[in-house]
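Asks: Sequence:
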Amino acid sequence: MSKHRNTPRPRRHRTKDATTRKRFIDYPRRGRGRLRRWLPSWRQVLCVVTLCVGCLAGLFAWAYAAFDIPDENAAARQEANTYYWSDGSQMVSLGALNRNIVRLSDVPDSVENAVIAAENESFYRDSGVSFQGIVRAAASAVQGEETQGGSTITQQYVKNTYLSQEQTVSRKVKEFVISLKVDRTKSKQEILQGYLNTSWFGRGAYGIEAAAQAYYGIPAKKLDPSQGAMLAALLKGAELYDPSTSASNHDRAVDRWKWILDRQVKVGLMSRADRDAYRTFPEPRKQSTSTNLGGQTGYLVDVANKYIKQRTLLTDQELAHGGYKIYTTFDKNRMRKLSTAVEGVLSKNIDPGKREADKGVQVGAASVRPSDGAILALYGGPDATKHFTNNADTSGVPVGSAFKPFVLASALENGARPRGGDRQDVSPDTYYGDDGALRTASDGAGPDDSHPTLRQALTTGGNATYVTLGRDVGLEKVRETAVNTGLLKESMAELEQTFPVGTSTPSAIRMADAYGTFVRHGLQNDPYSVTRLLKDGTSIGGFESRAKPRRALEKDVADRVADTLREAGTKSAADMDADAAERIGSFAAGRTGDQDRLRSAWFVGATDELSTAVMMFRTSPDEPRLLPMSDVGGDTTQRGNVFPARIWADYTSAR
1 MSKHRNTPRP RRHRTKDATT RKRFIDYPRR GRGRLRRWLP SWRQVLCVVT LCVGCLAGLF
61 AWAYAAFDIP DENAAARQEA NTYYWSDGSQ MVSLGALNRN IVRLSDVPDS VENAVIAAEN
121 ESFYRDSGVS FQGIVRAAAS AVQGEETQGG STITQQYVKN TYLSQEQTVS RKVKEFVISL
181 KVDRTKSKQE ILQGYLNTSW FGRGAYGIEA AAQAYYGIPA KKLDPSQGAM LAALLKGAEL
241 YDPSTSASNH DRAVDRWKWI LDRQVKVGLM SRADRDAYRT FPEPRKQSTS TNLGGQTGYL
301 VDVANKYIKQ RTLLTDQELA HGGYKIYTTF DKNRMRKLST AVEGVLSKNI DPGKREADKG
361 VQVGAASVRP SDGAILALYG GPDATKHFTN NADTSGVPVG SAFKPFVLAS ALENGARPRG
421 GDRQDVSPDT YYGDDGALRT ASDGAGPDDS HPTLRQALTT GGNATYVTLG RDVGLEKVRE
481 TAVNTGLLKE SMAELEQTFP VGTSTPSAIR MADAYGTFVR HGLQNDPYSV TRLLKDGTSI
541 GGFESRAKPR RALEKDVADR VADTLREAGT KSAADMDADA AERIGSFAAG RTGDQDRLRS
601 AWFVGATDEL STAVMMFRTS PDEPRLLPMS DVGGDTTQRG NVFPARIWAD YTSAR
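Counted the way the UniProt record's numbering counts, the sequence shown spans residues 1 to 655.
Derived from the structure by calculation, the hints contain no laboratory data.
We put the beta carbon where it would ideally sit given N, CA and C, even for glycine.
Don't take each hint at face value.
Cross-link-like lysine-lysine pairs, in silico, PhoX-like; alpha carbons within 20 angstroms at most [as the list claims (entries may be wrong)]:
(1) LYS309 <-> LYS325
(2) LYS359 <-> LYS348
(3) LYS535 <-> LYS306
(4) LYS337 <-> LYS306
(5) LYS286 <-> LYS386
(6) LYS337 <-> LYS325
(7) LYS477 <-> LYS489
(8) LYS489 <-> LYS306
(9) LYS535 <-> LYS309
(10) LYS186 <-> LYS174
(11) LYS555 <-> LYS477
(12) LYS325 <-> LYS535
(13) LYS286 <-> LYS222
(14) LYS386 <-> LYS359
(15) LYS236 <-> LYS258
Label-pair ranges, simulated between beta-carbon atoms [what the hints assert, rightly or not]:
(16) GLY433 <-> LYS354: 45 to 55 angstroms
(17) VAL254 <-> ASP594: 45 to 55 angstroms
(18) ASP526 <-> GLY461: 26 to 36 angstroms
(19) LEU495 <-> PRO621: 29 to 39 angstroms
(20) ASP109 <-> THR538: 43 to 53 angstroms
(21) ASP608 <-> ARG655: 12 to 22 angstroms
(22) ALA654 <-> ASP106: 47 to 57 angstroms
(23) ASP608 <-> HIS387: 26 to 36 angstroms
(24) SER248 <-> ILE218: 24 to 34 angstroms
(25) GLN189 <-> GLY537: 34 to 44 angstroms
(26) SER347 <-> GLN189: 54 to 64 angstroms
(27) ASP608 <-> GLU544: 44 to 54 angstroms
(28) SER347 <-> ARG285: 22 to 32 angstroms
(29) GLY353 <-> LYS489: 35 to 45 angstroms
Work out the full structure: start from the sequences and follow the hints.
Replies: Shown next, in the form of structure tokens:
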């Protein structure tokens, strides 16, 4: 046996150092593999979850204690929207909200059921908030299905009655907490009644009673289940579901209406037999307008509101909520003169009772200040409460030969390639020879009567010349020039052979603005109608600061087009009395002519101070297309072309 077998081994003394000292949180985990050391243990996961739940519970407890139910009356108090003329005087004040409070007992059960099925089927069972509803709405949205709202009816009532419409985290937290408190202090019937009386249905209507009147002309208590389902569809967004607004809106409304009726059957709020009784969509009546928006006022408000929504992203609902002071560019005196000029020419020359060709005649007109794009005046139709389309801001009326200056401008800027050859420079005195080549008149030698120059073809027919010129310049380049000068791309027609002679359908506002670019030496300003927007004394949207004018055309190009149009203006004076022509002086003008076969008549005239477009066309409720303009005002009026020029002259020469 070895003499060392029973000899004890010396003991090792372990020392504590930085690497062996026990840590409060063992993470990354010691003694694990390269990957596992980064995976938390179940104890660590449990601790983190417990800590987060505790923090959320503490935060909720604080919020619940901190947020009291606001004063409903103070929060629900509304103000009018007030619109002002350019001189600061009041144009119109759109009064208190269109809302009539009704008791829940005056609302049919079928309407209540439609709203509950569409917005919050668990309304009578939930505590005022619904996590499941939020998750369900999100999942349905991802799948592209029709959905209930993510918020409960109680939450929407709280937002409508006590809070603002802003989409912020703090507002959502308040909404959540106040909804819990409201659910504990009010009955479900009180909440549903408040929700139905405060919800936005479009057409200026707040509440189910105003909505029933706006869409069907009946009180809420007379709504049938089908009508109730249609109104419930509007709660998802009246701007997208008002069926009278557009074809796409109509399709969405019908789909949503069907879904709400089917949904009531699914959740037990309607029998299948009752559902099957409603197969035809309940078309609402045409939209009516408040009488204080009569005459031209409604059209002015429409243009101002469109500009505000474009500039600030405010919705119709937010604007209708009231309290805004809106300062516009509209000139009260010019508005009066323009209306007087239109109505004077129509009353003197258009007689629907005498001539069939005079029936359905419509006029649209707009004046823009070239120096900055301010819309000074417009004529949208005979009365905004009776004729709902704003003729000054509509697209759908072909512009005809008044489009030719854009073709000429594009040719001067880009040159032309006759017969596909080399691109060559063009001037207003260029003309096409018999061989199709471009030539320029000079030294007294020029084309004969069968070969007009571009200058001559601009003022006296010459459609064939401009069709050829547009092709040789390039239709894409012509369109680009027109859009650069101020026309909207969505108003441009298909790039077909006749595109250069005015198949596009810009609005009168945009035509006036684009002609202003010519007399402004090629500088373009987008048209605008609002200079200031105030809410509670605070300026919104920065309307006071506008973008600087941008270079749309080279100065030489714009000046040559303007000079050519001034010659056209001189020739157009033949359609005006001598006194008017003398008082107007020099102006640049384009117009439709005898060769136009389009169903409209235009005259656009511009000076350094004012650019005005006037159009005339015919419509019929039974005909989707425009009616012919031939023989309007009698068989000697050259398809009504003389009337826009006379309106323009009477307006611009008025004192």
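Asks: It remains to establish, for every hint, whether it holds in the given structure.
Replies: Now the hints, each set against the structure:
| no. | hint | in the structure |
| --- | --- | --- |
| 1 | LYS309 <-> LYS325 | 14 angstroms, holds |
| 2 | LYS359 <-> LYS348 | 15 angstroms, holds |
| 3 | LYS535 <-> LYS306 | 17 angstroms, holds |
| 4 | LYS337 <-> LYS306 | 24 angstroms, violated |
| 5 | LYS286 <-> LYS386 | 10 angstroms, holds |
| 6 | LYS337 <-> LYS325 | 26 angstroms, violated |
| 7 | LYS477 <-> LYS489 | 13 angstroms, holds |
| 8 | LYS489 <-> LYS306 | 18 angstroms, holds |
| 9 | LYS535 <-> LYS309 | 15 angstroms, holds |
| 10 | LYS186 <-> LYS174 | 17 angstroms, holds |
| 11 | LYS555 <-> LYS477 | 18 angstroms, holds |
| 12 | LYS325 <-> LYS535 | 7 angstroms, holds |
| 13 | LYS286 <-> LYS222 | 19 angstroms, holds |
| 14 | LYS386 <-> LYS359 | 16 angstroms, holds |
| 15 | LYS236 <-> LYS258 | 14 angstroms, holds |
| 16 | GLY433 <-> LYS354: 45 to 55 angstroms | 49 angstroms, holds |
| 17 | VAL254 <-> ASP594: 45 to 55 angstroms | 46 angstroms, holds |
| 18 | ASP526 <-> GLY461: 26 to 36 angstroms | 33 angstroms, holds |
| 19 | LEU495 <-> PRO621: 29 to 39 angstroms | 32 angstroms, holds |
| 20 | ASP109 <-> THR538: 43 to 53 angstroms | 44 angstroms, holds |
| 21 | ASP608 <-> ARG655: 12 to 22 angstroms | 19 angstroms, holds |
| 22 | ALA654 <-> ASP106: 47 to 57 angstroms | 54 angstroms, holds |
| 23 | ASP608 <-> HIS387: 26 to 36 angstroms | 33 angstroms, holds |
| 24 | SER248 <-> ILE218: 24 to 34 angstroms | 27 angstroms, holds |
| 25 | GLN189 <-> GLY537: 34 to 44 angstroms | 39 angstroms, holds |
| 26 | SER347 <-> GLN189: 54 to 64 angstroms | 58 angstroms, holds |
| 27 | ASP608 <-> GLU544: 44 to 54 angstroms | 24 angstroms, violated |
| 28 | SER347 <-> ARG285: 22 to 32 angstroms | 31 angstroms, holds |
| 29 | GLY353 <-> LYS489: 35 to 45 angstroms | 42 angstroms, holds |
Hints 4, 6 and 27 from the list above are not met by this structure, while the remaining hints are.
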